[in-house]
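Just so you know, the sequences run in chain order A and B. Counted the way the working numbering counts, the first sequence spans residues 1 to 509. Counted the way the working numbering counts, the second sequence spans residues 510 to 871.
None of these hints come from the bench; they were simulated from the model. A few of these clues could be false.
Claimed, not checked - Which residues of chain A face chain B? A few of them, derived with a C-beta cut under 7 Å, are: (1) Leu177; (2) Pro324; (3) Pro327; (4) Glu340; (5) Gln344; (6) Gln345; (7) Val348; (8) Ala375.
Claimed, not checked - Far from chain B by the CB rule (all over 10 Å, computed), these chain A residues: (9) Val228; (10) Gly346; (11) Leu347.
None of the values given here were measured: they were computed from a predicted structure. The C-beta atom is built at its ideal place from N, Cα and C for all residues, glycine as well.
Take a look at the letters that make up each chain.
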Amino acid sequence: MEPRPAEPVLELDGVRKSFGSVTALSDGRLRVMPGSIHALVGENGAGKSTLIKVVSGLHPRDAGTFRFRGQDVHFTSTAEAKDAGIAVIYQEPTLFGDLSVTENIFMGRQPLRWGRRIDTQAMITEAERIFARLGVDLDPRRPAQGLSIADQQIIEIAKAISLDAHLLIMDEPTAALSGVEVQRLFAVARSLRQEGRGVVFISHRFDEVFELCDTITVMRDGAYVDTVDASRTSREELITMMVGREVSELYPKTPVEVGEEVLQVQQLTRAGIFSDISFTVRAGEIVGLAGLVGAGRSEIVRAVFGVDPYDEGAVTMHGRRVQPGRPQAAIRAGMALVPEDRRQQGLVVEASVGRNIAAAIRGQLTRFGLITAAAEHRAAAPWAQKLQVKTGALSMEALTMSGGNQQKVAIAKWLATDPSLLIIDEPTRGIDVGTKAEVHRLLSELAGQGMAILMISSELPEILGMADRVLVVSEGRITGEFSRAEASAEAVMDAATSRHEQLRREGAL
Amino acid sequence: MSSTAQQTPLQAAASAAPRSHHRPWWFRTFVTAEFLIIALLALVWMWATVSVDNFDGPLTVRYLILDIAPLMMIALPMTLVIITGQIDLSVASIMGLSSVVMGILHVQLGMPVPAAAALALLVGLTCGAVNGFLVAYVRLPSLAVTIGTMALFRGIAVGLLGTTALTDFDPDWTSLAQSSLGETRIPAISLVLVAMIAVFAVLMHATPFGRGLYDIGHNEQAARFSGVNVARCQLTTFLLTGVVSAAAGIFYALRYGNSRGDNAMGLELEVIAAVLLGGVLIFGGRGALHGVIAGVLLIGVISSALRLEGVTVNLISIIIGVLLIASVIAPSVAAGIRNRRRRPPPPTTDAAEGDPMKGTPQ
Chain A
1 MEPRPAEPVL ELDGVRKSFG SVTALSDGRL RVMPGSIHAL VGENGAGKST LIKVVSGLHP
61 RDAGTFRFRG QDVHFTSTAE AKDAGIAVIY QEPTLFGDLS VTENIFMGRQ PLRWGRRIDT
121 QAMITEAERI FARLGVDLDP RRPAQGLSIA DQQIIEIAKA ISLDAHLLIM DEPTAALSGV
181 EVQRLFAVAR SLRQEGRGVV FISHRFDEVF ELCDTITVMR DGAYVDTVDA SRTSREELIT
241 MMVGREVSEL YPKTPVEVGE EVLQVQQLTR AGIFSDISFT VRAGEIVGLA GLVGAGRSEI
301 VRAVFGVDPY DEGAVTMHGR RVQPGRPQAA IRAGMALVPE DRRQQGLVVE ASVGRNIAAA
361 IRGQLTRFGL ITAAAEHRAA APWAQKLQVK TGALSMEALT MSGGNQQKVA IAKWLATDPS
421 LLIIDEPTRG IDVGTKAEVH RLLSELAGQG MAILMISSEL PEILGMADRV LVVSEGRITG
481 EFSRAEASAE AVMDAATSRH EQLRREGAL
Chain B
510 MSSTAQQTPL QAAASAAPRS HHRPWWFRTF VTAEFLIIAL LALVWMWATV SVDNFDGPLT
570 VRYLILDIAP LMMIALPMTL VIITGQIDLS VASIMGLSSV VMGILHVQLG MPVPAAAALA
630 LLVGLTCGAV NGFLVAYVRL PSLAVTIGTM ALFRGIAVGL LGTTALTDFD PDWTSLAQSS
690 LGETRIPAIS LVLVAMIAVF AVLMHATPFG RGLYDIGHNE QAARFSGVNV ARCQLTTFLL
750 TGVVSAAAGI FYALRYGNSR GDNAMGLELE VIAAVLLGGV LIFGGRGALH GVIAGVLLIG
810 VISSALRLEG VTVNLISIII GVLLIASVIA PSVAAGIRNR RRRPPPPTTD AAEGDPMKGT
870 PQ
């Protein structure tokens, strides 16, 4: 056997990246050796994605060293990183559906024959050679349309190999794969390791990390925590490293007398998205919906609010059934939803602040069926003031405001409807620390006034600090429910990373 | 580059920037697409008065109003449709079909004009319902749907009458269509136009329905999340274009005493040109009715002045076509200029911080 070369393929040290006032990555470190499969783990928002985007050339770094195959590099585009030999395989690859498998592999760099004609035969031969090497059985002539996600990933990997990539980064590749497909992907990854390439594997599934990887790097809050040998650590140790921090006083939830049931969700199911979701939210209570990104939390609340349909189950407000698939009915029943994506869903950013705040109460502002900007501003002003929206004028467009202020406008818009249930999806994503604390104080105050609050958050401290009760969603199912006293970072993380099949095996379902 | 959250698509910039509050009030009021087109209208009118023989004659305004009446009527609901980001290309065909229905019911079957007109309106409403259902509920693109129904409705109109023209309308009604207000030379249809403009102005600018249309045009998803019934709003706009186009067809048949399958052929392009000239953004979300009225008048004045000059119809089409393209390009060009001013070109020294907000003009 060849001795392992000592030089790492990829070496990152002290890499920093901020977006405006938000620091997404404060100290990114990663050392990937050739012939190694290296896991990168951490909570949502730990900075993994930002780190990968720096490596792939999507974001230039603000500071730090970045060495690839021993050379200092400064990628300004993904094309440069690709040319240097870095390939990223995403959870859901984007192939050209109408082109053949081979054409996708050689997109943009087809081998030519004389007369600048594409040498189709050479391409197909090469594609077959790569597939044989990877040990997969795929027809290189078939169109990419209709291939499973697993097969699409294989094509991306084949593309990386044909480019002779020295480093392959797989960003949660197994999230959408079945058991057999995962095993095939692992076999391919191992054969890449044999060839001496470096592989970075990002996953939330610890069993997969331990099965596949030899080295594990843990990140937390945008910074490097530790790199450990996979054979010398355990799932528990990793979880402790991932969440190990104190719940700060940033989250001032005050205890409240919990009142009557406001929202009741019974066996809500949407085929392929979530199933058998049942829970209640009571007046004065903050229920936290925890889980990993993509677990189906936003989809559940969207169905509850009627923006998305659902197939089975029932949503009840104050004991009365809410008509499915109609946000208007949900609003009438007293629901409000501050969605995840402010700019696409929460606000019409091109419209003025006043118009946005009044957007959900227009019906109440009319006189003889007519509405005026003055009436909208009169209704919006107290809410803008209450939430301390920093804006020159209510007639200013929401577009020009900071993320934190936009979030306040989105919240103001829904508080103006005087809801009995406030659903809030990622209340503090992408906003500065000061505004974050304001939002938390506000939520706590609203609960104190008897509002029922359902809060989705991917930030564990936020969930643990704010919620009276925590529901954990994993792969479209509720996999854990904890009271405030029972909820710990480890317990929530454990439920969020447990897989349904695993639970069934253990007889829990 | 550092602040990706501040970057917006070109169309959003094009729609949003004219109301920027970094400008003085007079700039925001007068340097808008609407006021530019009103200024252009004034210029063209002055030019025509001075240099086109007979443009200042007593009958010019009368025929101008009679000629643009169908255009003005249909431009109103068309504005609503385009503000939601859709388009309706079938309006001229509905107009032709409605004039044919009038001819068959009134001239051939002897039905009184009010009854025939009511049924023609119903036909228009049905046409609008077909468009609206396919766009709002089946969620097909309106461009494809209404190109299809443009051919379909026109085909039905021509199929019903063949190449014949029905002209034997009740003279009481045909003279009413061309009658004037009292002793003036202003046509009576002006009253109908003013009333319709008033209704649509209120609908667009002072009702929750109108607010919802702008929201849909800007961001359909956000509108849905706010409880706007997107499908019903879209259906309503297509019902309005359908029924108003039928009304325009009735007026057309009575004014010319003529019912033919190919009536108002090609008028949809003039309607859309007028609406876009009036500052309504083709991507939806932006536009105001005073601009649209100016756009209609501009097309009317250019056509009427050039006709008095003896210019051929082809040249008039060419001029309107050029104006239309200019009006579609203008917002994007303006946004491009604004963005360049706001974001200075990438600095050659690496000392400059890439903060886009700092370059905003005060």
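Hints not upheld, ascending by number:
1, 2, 4, 8, 10, 11
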